[in-house]
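Q: Got chain A; can you put chains B and C on it based on the hints?
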Amino acid sequence: MSTAAVVTGKHAGSLRGARLPKWAPLAIAAVSIALGLGISAAAGLHSKIQWALIAALLHVVGTYGIAARVEGRRQAKDRVATSLVWVAFLLAVVPLASLVWSTVRRGVKVLDLYFLTHSMGVVADSEPGGGIYHAIIGSLEQIGLATLIGAPIGVLTAIYLVEYGRGRLAKSVTFFVDVMTGIPSIVAGLFILSIMLMLDLQPFGFAGSLALAILMMPVVVRSTEEMLKLVPNELREASLALGVPKWRTILKVVLPTSIGGITTGIMLAVARIAGETAPVLLLVFGNPFINNNPFEGAQASLPLYIYQQYSQSAGSPHAFNRAWAASLTLIAFVMILNLAARGIARWKAPKTGR
Amino acid sequence: MAKRIDVSGLTAYYGSHKAIEDISMTIEPRTVTAFIGPSGCGKSTFLRTLNRMHEVTPGGRVEGKVLLDDEDLYGAGVDPVSVRREIGMVFQRPNPFPTMSIFDNVAAGLRLNGMHKKSELQDVVEKSLRGANLWNEVKDRLNKPGAGLSGGQQQRLCIARAIAVEPKVLLMDEPCSALDPISTLAIEDLIGELKERFTIVIVTHNMQQAARVSDRTAFFNLAGVGQPGRLVEIDDTERIFSNPSVQATEDYISGRFG
Amino acid sequence: MDPMDPMDTPTQTADAPPRTLRPSPAEQKRAARGATRPGDRIFLGLSRGSGILLLVIMAAIAVFLTYRAALALSKDDANFLTAFEWNTGLVPPKFGIAVLAFGTVVSSIIAMVIAVPIAVAIALFLTHYAPRRLSGPIAYVIDLLAAVPSIVYGLWGALILVPHMNGLFGWLDDYLGWTGVFSWDQGPPRSMLTVGVLLAIMILPIITNVSREVFRQVPRTHEEAALALGATRWEVVRMAVLPFGRSGVISASMLGLGRALGETMAVATVLSPDFDLHASLLNSGGGTFAQNIASKFSEATEFGRDALIASGLVLFVITLLVNGAARAIIARRKEYSGAHA
Chain A
1 MSTAAVVTGK HAGSLRGARL PKWAPLAIAA VSIALGLGIS AAAGLHSKIQ WALIAALLHV
61 VGTYGIAARV EGRRQAKDRV ATSLVWVAFL LAVVPLASLV WSTVRRGVKV LDLYFLTHSM
121 GVVADSEPGG GIYHAIIGSL EQIGLATLIG APIGVLTAIY LVEYGRGRLA KSVTFFVDVM
181 TGIPSIVAGL FILSIMLMLD LQPFGFAGSL ALAILMMPVV VRSTEEMLKL VPNELREASL
241 ALGVPKWRTI LKVVLPTSIG GITTGIMLAV ARIAGETAPV LLLVFGNPFI NNNPFEGAQA
301 SLPLYIYQQY SQSAGSPHAF NRAWAASLTL IAFVMILNLA ARGIARWKAP KTGR
Chain B
1 MAKRIDVSGL TAYYGSHKAI EDISMTIEPR TVTAFIGPSG CGKSTFLRTL NRMHEVTPGG
61 RVEGKVLLDD EDLYGAGVDP VSVRREIGMV FQRPNPFPTM SIFDNVAAGL RLNGMHKKSE
121 LQDVVEKSLR GANLWNEVKD RLNKPGAGLS GGQQQRLCIA RAIAVEPKVL LMDEPCSALD
181 PISTLAIEDL IGELKERFTI VIVTHNMQQA ARVSDRTAFF NLAGVGQPGR LVEIDDTERI
241 FSNPSVQATE DYISGRFG
Chain C
1 MDPMDPMDTP TQTADAPPRT LRPSPAEQKR AARGATRPGD RIFLGLSRGS GILLLVIMAA
61 IAVFLTYRAA LALSKDDANF LTAFEWNTGL VPPKFGIAVL AFGTVVSSII AMVIAVPIAV
121 AIALFLTHYA PRRLSGPIAY VIDLLAAVPS IVYGLWGALI LVPHMNGLFG WLDDYLGWTG
181 VFSWDQGPPR SMLTVGVLLA IMILPIITNV SREVFRQVPR THEEAALALG ATRWEVVRMA
241 VLPFGRSGVI SASMLGLGRA LGETMAVATV LSPDFDLHAS LLNSGGGTFA QNIASKFSEA
301 TEFGRDALIA SGLVLFVITL LVNGAARAII ARRKEYSGAH A
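Same order as they appear, the protein sequences are chains A, B and C.
Here the numbering used here is used: the first residue of the first sequence is 1, the next is one more, and so on.
Here the numbering used here is used: the first residue of the second sequence is 1, the next is one more, and so on.
Here the numbering used here is used: the first residue of the third sequence is 1, the next is one more, and so on.
The shape of chain A in the complex, shown without the other chains:
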């Protein structure tokens, strides 16, 4: 191999830069880890983080040093960037994998049919037994009502913005939809709470639905807007040119074309509010008993159940097990919604050219 590698680029007549062999990055990584472990053992350090940090540092310095010697500075920088990007990825995998893994592993302990079909009505938080039936009922009712309010308003607003919206009103709606996207869920909860305080109302399920609907609307508006914008203008014009009034054009041509994407957006929004805890905590309060009526009396909900099992149980392992099992149920529900939404999106995707 030519040694002109170091000056590769500017003056070199040769294209042949010296290259590190393909296995070099892995080898450097292995050596760094071994050295990291070795140094830690020699210095009597115990923390996993310490040897990992030493190894990571050695790896970066080693990669840069070796590559700079053999391949030149630019290549060395490239290699360091590559290894950093890989390290970032691996770094992020650890907690996220741990989250999924521990939820599944601990969640399956008490998750069974009994758990899904019983409430906490006669079970103290520190005892085993009990279940999430009341929380599932509460969640479904609150989410359902929130969707009934939030989804139509969101879709109609998006239709207004895309099909009619011009001028100041549309601009301010667009702006405030953006603002609304950023509202923390607890603030939406406080808003409904302030109304309840004025009307002297006690917590009930529908109050939670209202807050969830507020959180849902901007998400639905945004996604529906995107979908409506994908509908080609020629389609609208073709319908209008046949003398079909605009509102029928929207109902019969525009919406059917984009219905898949709109459904996806709504389902993703539902999945998002299904996990909201804070507004439910403020407005629905939680209830160990089954309450089927969302318009009167406190209710439970899945996320709230998780929180209360964790926080009100004084560290009882039974309560923790229930919290994990409820988490697993909630994640499963959200994931199924997500997967179904994506499935619909793919299935109903507007057919383009090919």
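Note that these hints are calculated values from the structure, not bench results.
Be a bit skeptical, because a hint or two may be false.
[As the list claims (entries may be wrong)] Here are the simulated DSS-like pairs of lysine-lysine, each with C-alpha atoms no more than 30 Å apart in a straight line:
(1) B:K65 x A:K22
(2) B:K117 x A:K77
(3) A:K77 x B:K18
(4) B:K195 x B:K168
(5) A:K77 x B:K118
(6) A:K22 x B:K195
A: Showing chains B and C alone in chain A's frame:
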């Protein structure tokens, strides 16, 4: 500085699809060679194999040899990055870096190669912009975004950017196809000037353009639908356009197909 | 498709009046809106009504929160902005948000400092470094992870992450304890740093996703331009990808910041709060707006709730400012990258 390119037995794939097959040709230094042929015949793919841009496309790979003055671009231990530094490229659509000023666009390649002194950079940038016949139009707004120029000016900016690093060969992939006739003329004039210093290879759909600017012309064709593209013949441009040795070439040039 | 006569577009109806008859100004105005028939008018009314309802809700949020907050603030015997206590049960009540504001900002900053670089790196990994076969599924999984409810992150943080922080805290205390910021009293690691780390993990998927989308939209021509100049992969990223994606990354980060600022449950489960300012990020204590509301709510009287609403109003204003800043940044960058998006 210009170098000769010797291609032998070159075949390129996209995944399992064979795009071009068994192409051999020689491209002399300080000449303009035009590639013509119907759409999909692989002339752009072939051009991109000449500076190893083909392998940037997912699934792209190449068999065969491309010698740049006796050195194989695809030989073991050859760094594609230094290949591309030696063999510059201008694309179909002008693609100045949108976030950079005119000056920075031209200086981009120089900075990569370690030139950081403002005065040096200024000299080379001016020289390159003059070389691309753009200096007089932009000298007062070097710090404005390159994306603010007209299409033709942007393309000349891209040429300036490519020649700033003094490549040995300049590849041009339909450089005028997105431009109006006047800008096209400006680029064609420029090509005539640049061939004093560089070996130029240009892909074009426009046969008049090939006839106007090139010394040699290569005609590519497909053997059939789904078949790889092949080199039909390469010869002096005059001969190709007056008296080609292959019937298919004559058919194409006289507009009987393609 | 044949382009239609543009004159006809607004009133494409079979019985449109002949063009020689001049429509009255009112009719013209209505025609311009596309609402000439009852059906159109009702539909337009409904959809515009929804838009207006959204504005009304936003206004109502501001008005109602301000009203209830004013009720509470009028009786506050301490300085609302600077007091280090939250005693709404006292006569007269004393409460202030200094600790909450500090905690909210500090935990969010920690989260951003950790999450943004890692998220950008992962996004680059997915778009430019990972083997293609790997990047598709990983992106999909990260997409799904963005949907994991925050309470699950909270539970995981409290029961799994907290015990694992002991090692890191000991190490930080050993080597950086002298700074004060990283000194540790060996208490349970339910502190701002743990909260920040958990928030970082939570907002990582969302920032990664948005950044990845942006990086994916970098036109191939820009990348090829850099490649053709003989740029290495990292140089391509620096010359073509990052500049193009900058505004997208900023808005992704702001999105993440908004979440971190307003996150309630993950903080409430992990933090062991108090009402003091702590120089050390490792010692437990402090609090955030959202966490304080969730923790104090169930025992609060009506007045106590008004006080919490007052603190929520401050949080609301802060998130509005962050969002506004994000929009301003994006608008300013638009002249560069927007034209090519």
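Q: Decide, hint by hint, whether the structure agrees.
A: Here is what the structure says about each hint:
1. B:K65 x A:K22: holds, 22 Å
2. B:K117 x A:K77: holds, 21 Å
3. A:K77 x B:K18: Distance of about 35 Å is beyond 30 Å: violated.
4. B:K195 x B:K168: holds, 11 Å
5. A:K77 x B:K118: It holds: about 23 Å lies between the C-alpha atoms, which stays within 30 Å.
6. A:K22 x B:K195: At roughly 39 Å apart (the allowed maximum being 30 Å), B:K195 and A:K22 break the hint.
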